[in-house]
Amino acid sequence: MKQNGILKDIAQALLQGLWFVFLLFPLLVMKVSVVGGVASVTFRWNNIPLVFVAAVGGSLLWRWALRWNEQKGARDPENSLGVRIQNGVSAFLKQNRLARVVLPLFFIGALLAYPLISGMYHTNVMISALIYVMLALGLNIVVGLGGLLNLGYAAFFAVGAYTYGLLWKHTGPWLAQVGIDPSWLFWISLPLAGFVALLFGVLLSLPVLRLRGDYLAIITLAFGEIFRMVLQNSGDITGGATGISLIPRPWFFGIQLTPHMAAIYIYYITLSLVVFTIFVVRRIENSRVGRALEAMREDEIACEAMGIDLVKNKLITFALGAFWAGVAGVLLAAQTTYINPDSFTLWESIMVLMAVVIGGTGSIPGVIAGTLVLKLLPEYFRALAQYRMLLYGVAMIIVILFKSDGLIPRRRTEYRLEQEGSTSPEGHL
Amino acid sequence: MEYFLKLLLSGTTKGSIYALIALGYTMVYGVIQLINFAHGEIYMIGGFTALIFGGFLYSMGLPAPVVLLISVILAIVYAASFGFTIERIAYRPLRNKPRLSALISAIGISIVLQNFVLLAQTEKYLAYPSYLPDLPFLQPVKQYINATQFIILIVTALIMVFLTMLIKYTRIGKAMRATAQDKDMAQLVGVNINQVISITFIIGSSLAAIGGVLICSYMGQINYYIGFIAGIKAFVAAVLGGIGSIPGAVLGSFVLGWTESFGTGYLSSDYEDAFALLILILILTVKPEGLLGKNQKQKV
Chain F
1 MKQNGILKDI
11 AQALLQGLWF
21 VFLLFPLLVM
31 KVSVVGGVAS
41 VTFRWNNIPL
51 VFVAAVGGSL
61 LWRWALRWNE
71 QKGARDPENS
81 LGVRIQNGVS
91 AFLKQNRLAR
101 VVLPLFFIGA
111 LLAYPLISGM
121 YHTNVMISAL
131 IYVMLALGLN
141 IVVGLGGLLN
151 LGYAAFFAVG
161 AYTYGLLWKH
171 TGPWLAQVGI
181 DPSWLFWISL
191 PLAGFVALLF
201 GVLLSLPVLR
211 LRGDYLAIIT
221 LAFGEIFRMV
231 LQNSGDITGG
241 ATGISLIPRP
251 WFFGIQLTPH
261 MAAIYIYYIT
271 LSLVVFTIFV
281 VRRIENSRVG
291 RALEAMREDE
301 IACEAMGIDL
311 VKNKLITFAL
321 GAFWAGVAGV
331 LLAAQTTYIN
341 PDSFTLWESI
351 MVLMAVVIGG
361 TGSIPGVIAG
371 TLVLKLLPEY
381 FRALAQYRML
391 LYGVAMIIVI
401 LFKSDGLIPR
411 RRTEYRLEQE
421 GSTSPEGHL
Chain G
1 MEYFLKLLLS
11 GTTKGSIYAL
21 IALGYTMVYG
31 VIQLINFAHG
41 EIYMIGGFTA
51 LIFGGFLYSM
61 GLPAPVVLLI
71 SVILAIVYAA
81 SFGFTIERIA
91 YRPLRNKPRL
101 SALISAIGIS
111 IVLQNFVLLA
121 QTEKYLAYPS
131 YLPDLPFLQP
141 VKQYINATQF
151 IILIVTALIM
161 VFLTMLIKYT
171 RIGKAMRATA
181 QDKDMAQLVG
191 VNINQVISIT
201 FIIGSSLAAI
211 GGVLICSYMG
221 QINYYIGFIA
231 GIKAFVAAVL
241 GGIGSIPGAV
251 LGSFVLGWTE
261 SFGTGYLSSD
271 YEDAFALLIL
281 ILILTVKPEG
291 LLGKNQKQKV
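Sequence lines, in order, name chains F and G.
Count the first sequence with our numbering and you get residues 1 to 429, in order.
Count the second sequence with our numbering and you get residues 1 to 300, in order.
Looking at chain G on its own, in the form it has when it is part of the complex (with noise of 0.2 Å):
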């Protein structure tokens, strides 16, 4: 019983931290219809960019929670400014090019950063300082959930209560709708569908780099290689789900994180990242619309 609960544990939080990438992805799926390759490389960034800042401040003398509210924030912000600039420069042009153009060029975008970083900064794994507070209030159950957890499923969920109300009652939100329906008719009616597709980016970026900061924090290291693993399962976790769909990306993330912790606490652990995509095969075989999605017809 006591495994049980903490496999339990274990997968929740894998699932919010999938979660967390998996918003922003499902989110420019929604509008444009793309799957965006380098938003795991833009966690990556996210990450890399806050232990720099980091790094910095806190050799300046700072107390650690100024420096983490400081390298958070500008993590945000560098996110948001890659995402900004690899929509503009790689998919914007190609918004009116045959689909698996611009999956390409994402694919092309994925590699540029990975090396990018790579080559600025190092090959080696990091080891990641933590600069989350401890809870006392933790305590009695610390051996099955530790601050970092805790912190990573509060997150979550508090992102994702505040993108159901963005999607759902604000001007920009309804905007992002009428882009994800019909691009012409959006532009008809008065919206501005570039401005609308780079504040997706902005926003989806701006998730990516939380989730960075929070995951590394979590697994203690970093290196410029993790974007990519981890963007393969949020993207399975925002397909389960039912690319497009908020919750549906939430569900799908919290399904894959307890398969994932369950099927290697019972069956096999060599096969941890097999069973994300062996999932993934199975939902696009029998229900290619997801868990919570709407089954879209093929018009000509």
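If we strip away everything but chain F, and leave its shape as in the complex, we get (with noise of 0.2 Å):
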């Protein structure tokens, strides 16, 4: 009977191997070149022994990576490996106590020392891996607590980056004129950079409020997009395509820092914001305001029933994540000097999302760890760079497909009732 189901598998897997052969035939093997207006194709036929081999592998572990997703209702959550790991870290933590002292400590100096071992390069890297965490954090409170799909993040990003580059831009030649050093004005742009997102924030919010679902998701990348070109178009204060270029690195007691000193210095600054930003979207989780967030985005209906204004809440939802990714934006103009138009596009939002959604939508950790690949990965494998965003798109759509709460998923505080000598079960509240 087993055999027969397996026997009938690779069958089906032959099968579709042979209807992806025909699928991919044109794009795959036959390649176009257009010279003088007169179409010529080239055959690559060793593609289509590669095409099949991965298309009945790809089939048969689809099949059973299908069938585990159908089980999965029937097997206890407590005993996946993810929340096993978890347990069992948790557990040789409470038993060992000089792990528990050693391990965090560990993990902090490593952090700190990160910059002052590894060279500019890898520096500057986790400088731009970080300010991502930063973004996915803040469009974790929007999509993750708030459920609402907003595909228009980079603008955000992009007024907070803004905000710095044209303060600068319109008052640093004066104040250097006055006699005040203008890379004080990374100081005084990093509150009002998220100030300005939110307020932004909040007017996009407002049209938006009564929509819900996909036609939330449409009109966010509408206004993400129209503002990227108005940035584009309007060149005499915006500086246009070109952008502002020459932003001042961030004020430290009036020293000339090297370009590898600023570095480790912008490091620290985004670590600590970073530290400063999981700490408040922690405090936010598990406040009223975070419970009444989870709530719309199980139900509206039945939120608004409870008394939840929804109105309010999906303004403070939108404000909320605006800040960070405006306060992350002055960091983005602080780290390459250099801000255009060209680092807002929908894909920065989409590039964002997906950290998110492949993290794990909801859970702090998931998401920094989320960010941390999709950033980091890359970088150091170079080789596959051209492939990347095609891995991406496939990673997020087997995260949607087969675990849908991504890579480390949110654990919900759990309330148990203990009732002394009573024998009635455990009570989930």
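Please keep in mind that the hints were generated in silico from the structure rather than gathered at the bench.
Heads up, a few of these hints could be off.
What follows is a list of derived Cβ distance ranges for each label pair [stated by the list, open to error]:
#1 F/Val202 with G/Lys124: 40 to 50 Å
#2 F/Trp68 with G/Gly265: 50 to 60 Å
#3 F/Arg411 with G/Ile154: 26 to 36 Å
#4 G/Leu8 with F/Tyr387: 45 to 55 Å
#5 G/Leu119 with F/Ile10: 26 to 36 Å
#6 G/Arg95 with F/Arg412: 22 to 32 Å
#7 F/Leu116 with G/Tyr125: 42 to 52 Å
Below, in silico cross-link-like pairs of lysine-lysine (DSBU-like), each with a Cα-Cα straight-line distance of 35 Å or less [said to hold, decoys possible]:
#8 G/Lys97 with F/Lys8
#9 F/Lys403 with G/Lys97
#10 G/Lys97 with F/Lys312
#11 G/Lys183 with F/Lys403
#12 G/Lys97 with F/Lys375
#13 G/Lys124 with F/Lys375
#14 G/Lys124 with F/Lys31
#15 G/Lys183 with F/Lys8
#16 G/Lys97 with G/Lys168
#17 G/Lys287 with F/Lys312
Quick caveat, the model's predicted, so the values are computed rather than measured.
Using N, Cα and C, we set each Cβ at its ideal position, and we do this for glycine too.
Mind assembling these two chains? They're in different frames, but the hints should get you there.
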């Protein structure tokens, strides 16, 4: 019986292999080139066996994965690999006091020493990864907590970067004339950009309050793209497509830092802001507002019936998400010292969204892990660079199909009623 | 006046181009309430397939009309196969999951297809040879409308009539309407909804392929990225007319085409793509159900 099933699986996989050979034949085997208005085709026959083998293997894996997915309901969620590892680690930490002290210390030490040990290149890579962690944590408030899909998130990132850039562009020369170091502006921009972005978030959310789900995603996408076009086309204010260059690095007691020292300095600023973000986001998650947002994500109508103000909630969601993007934008401007509209395309928004989805929507460790994986892997696997987007897309589909809660799923706070001497089952509130 | 007429005609052509893609969008949305983000990519693949087979057949020495016919048929076959496969792989397993999951999966498919074509073919813009015939009877009005524009208009009109008939008067059309209204109930009365959804994807993708060939011939170029902005605009058109409604998609496409054409003609050409998005924002805030759409009540 069982053997029969396997044979059937293989037969089906072979059929699907043939189907994919047929499907991908024109695009993968034939290669078109157009010279002087006449198209000609060259054949790459050696791709056929490749496609066939990959499709048969993929099909078998897929079948197995779908079956595994279907049985997920039957399995004990407490027994899955991820949860077991998490439980194992926490049990180990509980028992081993020394490890409980040493491990976090080692971790913190590694984070602090990273820019000192590694070179400037790696420090810069890490800084941009950390900036993305901030972005992703901010988007996680909108998507993970509020359940509102925002595809125009890069616009808030741009608002932050341009707040700093424009502030410098329009007041910097004057400040320098008066004798004040314009790199001071970084520290002014940091909170300012957050609040400007927050304002934009509120403005954006006003017209979209009535919308939900996919309409919301599309309208935010439209906002993001329009914002970028405005940046690109209002050249006299924003510098147009060429953007703003020579933005000063942050002020450090008036000392002119070498690029390497400046990178280390920005690394520490970014790291502390990321830690601050994590702290705030955690506090939000467990607050009254956070609970209300989660209720809204689960069911808008039921949530409204419980007396939660949906309009206020949506405003808060967008504003909070936008704030962090604005702050991250200032860091980006300070790190690269150069900004232009091309850094804030829709793909930027989608990249952040991918990080959130792959890592685990709503889960702070998941989002951080997802971002680090997405931003750091391509840096260290240069050979795969051209396949990067393809692999991201595939990863996104696979995660959403088979593990829709992400690589490190969110763990909900559980409350257990413990009644002494009673035999009643454990209550989950 | 002449300038106005020119803008009107170019807007009409644009509108019928958007309509060809928007029809597929609206059909899929009407049946399974999914924004098929990958629809624009199917259209791009249709265009590429026709280019590839057209180039191959032309180099074999076949005459242009035969090349056109065979390459369009093959483009339709391949686009339909892609649509069918995508639905099976990425959308069917998510049918009973939250709608955002399917949307994210659709974005993933869109990224995968774009980058697949980028890697398998080329990242450069390719000139698109047109095999469409020249129509001599258009000679007197040729400063307003050329043969390609004329063919696009006719094909769009024919397809719209065909689709309306299909949905209204055939068995499969009835099954589609039933599936759109209530999937569970449709299944109870014996509609094979898997089959219906597959067929919807096949028809929608075929339309996208026809659109791809015509539009690329009109624009004269193709690139792996053309599907994205075309898809967004077609979606705007579909929403504008009321998503899920076939006459709505066509009406919305024409309104969008005219707005873009007059907007760029009289206001500013820097913001061509922004007009579509501005209209989208306006419509969604003022009348989310679209021009011809029905207002749907939210139920718990």
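Q. Where does the structure disagree with the numbered hints, that is, which hint numbers, in rising order?
A. Hint 3 contradicted; others consistent.
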